[in-house]
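Undergrad: Chain residues, written in single-letter form:
Number of protein chains: 2
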Amino acid sequence: MTYRVVCAQNQRSPYRPAGNVAQEDAVLSTMQDVPLLISRILTHGSAIHGTSQVTTWTGEGEPHRRSYAEIGARAAQLAHALRDDLGVTGDERVATLMWNNAEHVEAYFAIPSMGAVLHTLNLRLPAEQLVWIVNHAADRVILVNGSLIPLLAPLLPHLKTVEHVVVSGPGDRSALANATARVHEYEELLAGQPVAYDWPELDERAAAAMCYTSGTTGDPKGVVYSHRSIYLHSMQVNMAQSMGLTDEDTSLVVVPQFHVNAWGLPHATFMTGVNMLMPDRFLQPAPLAEMIEGEKPTHAAAVPTIWQGLLAELTAKPRDVSSLTQVTIGGSACPPSLMEAFDQLGMRVCHAWGMTETSPLGTIARPPAGAVGTDAEFAYRLTQGRFPAGVEARLTGPGGERLPWDGESAGELEVRGAWIAFCFSTTAPTPSRCAPPTSSARTAG
Amino acid sequence: MTYRVVCAQNQRSPYRPAGNVAQEDAVLSTMQDVPLLISRILTHGSAIHGTSQVTTWTGEGEPHRRSYAEIGARAAQLAHALRDDLGVTGDERVATLMWNNAEHVEAYFAIPSMGAVLHTLNLRLPAEQLVWIVNHAADRVILVNGSLIPLLAPLLPHLKTVEHVVVSGPGDRSALANATARVHEYEELLAGQPVAYDWPELDERAAAAMCYTSGTTGDPKGVVYSHRSIYLHSMQVNMAQSMGLTDEDTSLVVVPQFHVNAWGLPHATFMTGVNMLMPDRFLQPAPLAEMIEGEKPTHAAAVPTIWQGLLAELTAKPRDVSSLTQVTIGGSACPPSLMEAFDQLGMRVCHAWGMTETSPLGTIARPPAGAVGTDAEFAYRLTQGRFPAGVEARLTGPGGERLPWDGESAGELEVRGAWIAFCFSTTAPTPSRCAPPTSSARTAG
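Residue numbers (the UniProt record's numbering), protein chains in the order written: chain A, 1 to 445; chain B, 1 to 445.
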């Protein structure tokens, strides 16, 4: 078969200016302007990788399985319900107070794809911070897992902007009986809705999702991801030098979806058909060991404390965890002894560094070619690794002077890139909430 | 070590409009606007992957080796020479008539990074087409390999816009003695130039590189790649589901740099530190077999005819080619017998489909998880594979109706994506050379 380009369309995106080049007679690119949108990841994943699966642990019997094709259809249904039944319009915020599970993945795609903003709530935060955050973001809807109603119900009287609560999964609903917000069942809301949605062509720089940092100093601070930043970050996660997974892999996503978008894994996996294994609320060492043995993930992403607990569990009660060869650890440094112990189990732990403000992939410690197979390899794996092409960095001293990359100098690390935040959302949503740029992106070490 | 974002800069790119969201009180993303530029790939590759290498075959003795750090310094020198000595400004076109080698890689990065447009000339085209193309693109400078002077010299009197010819590598210069264009030696031009260049922050949609299709019907047609399209394409090539190489790999780039940017490999490899092995003019089966045995590449990219010749060579005179486990084949379908023969040598051939208008990565035939290890796997590998997330496609019938993806329907394939062309450059460079979009991107099968 031969191919021939006959003709073509240029989808002029709204952010393309009238003149995008300096000279009158400048050479124009002939490339299409296709905005990088989360809806494109959804549409691709549910069509091309329709048989890939999200498996959610249920704690009893068979885990729950849902294909990417089904997720795509249900994300469309959720978007219809949010728009047509609950009246969500424009870029209103829809919050989630949920564990890692298939419904949370549906929310991840439906909400930004329709133009609204996904706001993941960190269920580990103190009640007063959660109240502050929901009011600050002006969330209009909260999707909540039934098992988390005991956490949400006492907060509801203080959540001024929340009009709708949508409950998904098992859990006693009675605490919501007197809520002033309208309460809906997730499955009832989706039932009968169309399984396709005409996703809008958005500005790729528009807000797609937001997380608040925990606010160890002062009020929590909002980081707002764009469609563009999430799309580019997903591509980076899928690059061979980063996590480098394919549709032959299954990733055990232990890192919570309310924590920096589960390190970008739900978006990245949907982009390439990597299967997801979701622990829901079963984050204790015993069920984690069980799900690894039973579902045979090839990759996992977690913080070191979770892995420390898993090691104790596997020592006390050995399981077949041989499928799991690659573990991405972030959040804090992995103790060398833990790394060695997992090496012996055949699980290769790889450090990654990032933060809410870096989407989070800042660095990853895949040993460079020169170190592989040498004594230097293990020492390298204990570092935080190297920056990918999308993240630029420099080290500056107290007077703003540039310091050398010599492995010894200590200073402020300044980072820059298309998935790095330039400011916090510290006031109520207004177009001017971000102060004009005055200095470089800085990260203090 | 802990990190803390202190403050941050928003590099407002020139294409960002005053209001990038629909509503007055819309939520803004807090992500940095960092344009996707080829200079970023260059800066990253030469710093983070400074020890990776371009190895160029010389036909005698040791091949020539140059590190990515050296390439970075020399690309800066070339940009200084082009701007300060030859007067290249704005988006003027700088052409190359060169084989695959380290100097051609330097041109690949220096020319677009400084804001000019790299125009690769296909040395297989008939003389009259080359003349037409150079005049159409209004090339101001031509970089030429010494061995290709016999091809260039007779054309020069017809090249109206060419003011400078820069010669690199071995070859008799005497045919250029009477040229009206000024003739320079590449190495003399670079000598003494600064090894750093303050690369401009360009619009990521600006023209970066151009290729002309061979013009089987009518005049040749120009496809103009943008910085954005090349950057995104490079990320895709590096994704595990595509070529998925890392800095432990060496790619034998047989596909010419004058043919669709060598399938994007020079940009993609620099992004992640993959080493390049460049055959220069030694494209015959015997030297290719020699360089595989001697330099031990792990990956190669070529059209089937080259691989057919290599198989005959290896059958006649066996070599150790065991390093080479992954071969990307495109341009035309690989005969099943050839694929089987290479399977037996341990070289796994993978089809990729693309064209000048698709940058070229359109599809790649890595078998889906369900087919791996089954009888269906080989049959799948004979297809052209699946689309990545960045390429959307649909099949339409003669009346414009959408046809099903059933493996049987035949129609026009319409493709869309950020690295897919929307039109050809068919007239002399003017801002209006691309007609307004009227229909979808179509590729006829």
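Incorrect hints may appear among the rest.
[As the list claims (entries may be wrong)] Some but not every residue of chain A turned toward chain B, in silico, with C-beta under 10 angstroms: (1) M31; (2) V34; (3) V117; (4) Q129; (5) V131; (6) N135; (7) K160; (8) G218; (9) G222; (10) D247; (11) D249; (12) P368; (13) R416.
[Claimed, not checked] So the derived label-pair ranges between C-beta atoms look like this: (14) B/A410 to A/K296: 51 to 57 angstroms; (15) A/E187 to B/V372: 31 to 37 angstroms; (16) B/D375 to A/G171: 44 to 50 angstroms.
[Stated by the list, open to error] Away from chain B, derived, C-beta distances all over 12 angstroms, residues of chain A: (17) E70; (18) L151; (19) D198; (20) M210; (21) A240; (22) G309; (23) T315.
No wet-lab data here; the hints were simulated from the structure.
No residue lacks a Cβ here, since even glycine has one placed at the ideal position from N, Cα and C.
Undergrad: With reference to the structure, classify each hint as holding or not holding.
TA: Against the structure, the hints come out as follows:
1. M31: A/M31 check passes; min Cβ-Cβ to chain B is 4 angstroms, inside 10 angstroms.
2. V34: Holds. Min distance 5 angstroms.
3. V117: holds, 5 angstroms
4. Q129: violated, 18 angstroms
5. V131: violated, 20 angstroms
6. N135: At 15 angstroms from the nearest chain B Cβ, A/N135 fails the 10 angstroms test, so the hint is violated.
7. K160: violated, 16 angstroms
8. G218: With a closest approach of 12 angstroms, the A/G218 hint is violated.
9. G222: holds, 7 angstroms
10. D247: holds, 5 angstroms
11. D249: Holds: closest Cβ of chain B sits about 8 angstroms from A/D249, inside 10 angstroms.
12. P368: holds, 6 angstroms
13. R416: With a minimum Cβ separation of about 6 angstroms from chain B (threshold 10 angstroms), the hint on A/R416 holds.
14. B/A410 to A/K296: 51 to 57 angstroms: Distance hint for B/A410, A/K296 is violated at roughly 40 angstroms.
15. A/E187 to B/V372: 31 to 37 angstroms: holds, 35 angstroms
16. B/D375 to A/G171: 44 to 50 angstroms: Once the Cβ atoms are compared, 46 angstroms apart, the range 44 to 50 angstroms for A/G171 and B/D375 holds.
17. E70: Fine: 17 angstroms to the nearest Cβ keeps A/E70 off the interface.
18. L151: A/L151 clear of chain B: closest Cβ-Cβ about 25 angstroms, beyond 12 angstroms.
19. D198: Per Cβ check, A/D198 is outside 12 angstroms of chain B; nearest 15 angstroms; holds.
20. M210: Its Cβ does come within 12 angstroms of chain B, the nearest being 7 angstroms, so this is violated.
21. A240: violated, 4 angstroms
22. G309: Per Cβ check, A/G309 is outside 12 angstroms of chain B; nearest 23 angstroms; holds.
23. T315: Correct as stated: the minimum Cβ-Cβ distance to chain B is 30 angstroms, above 12 angstroms.
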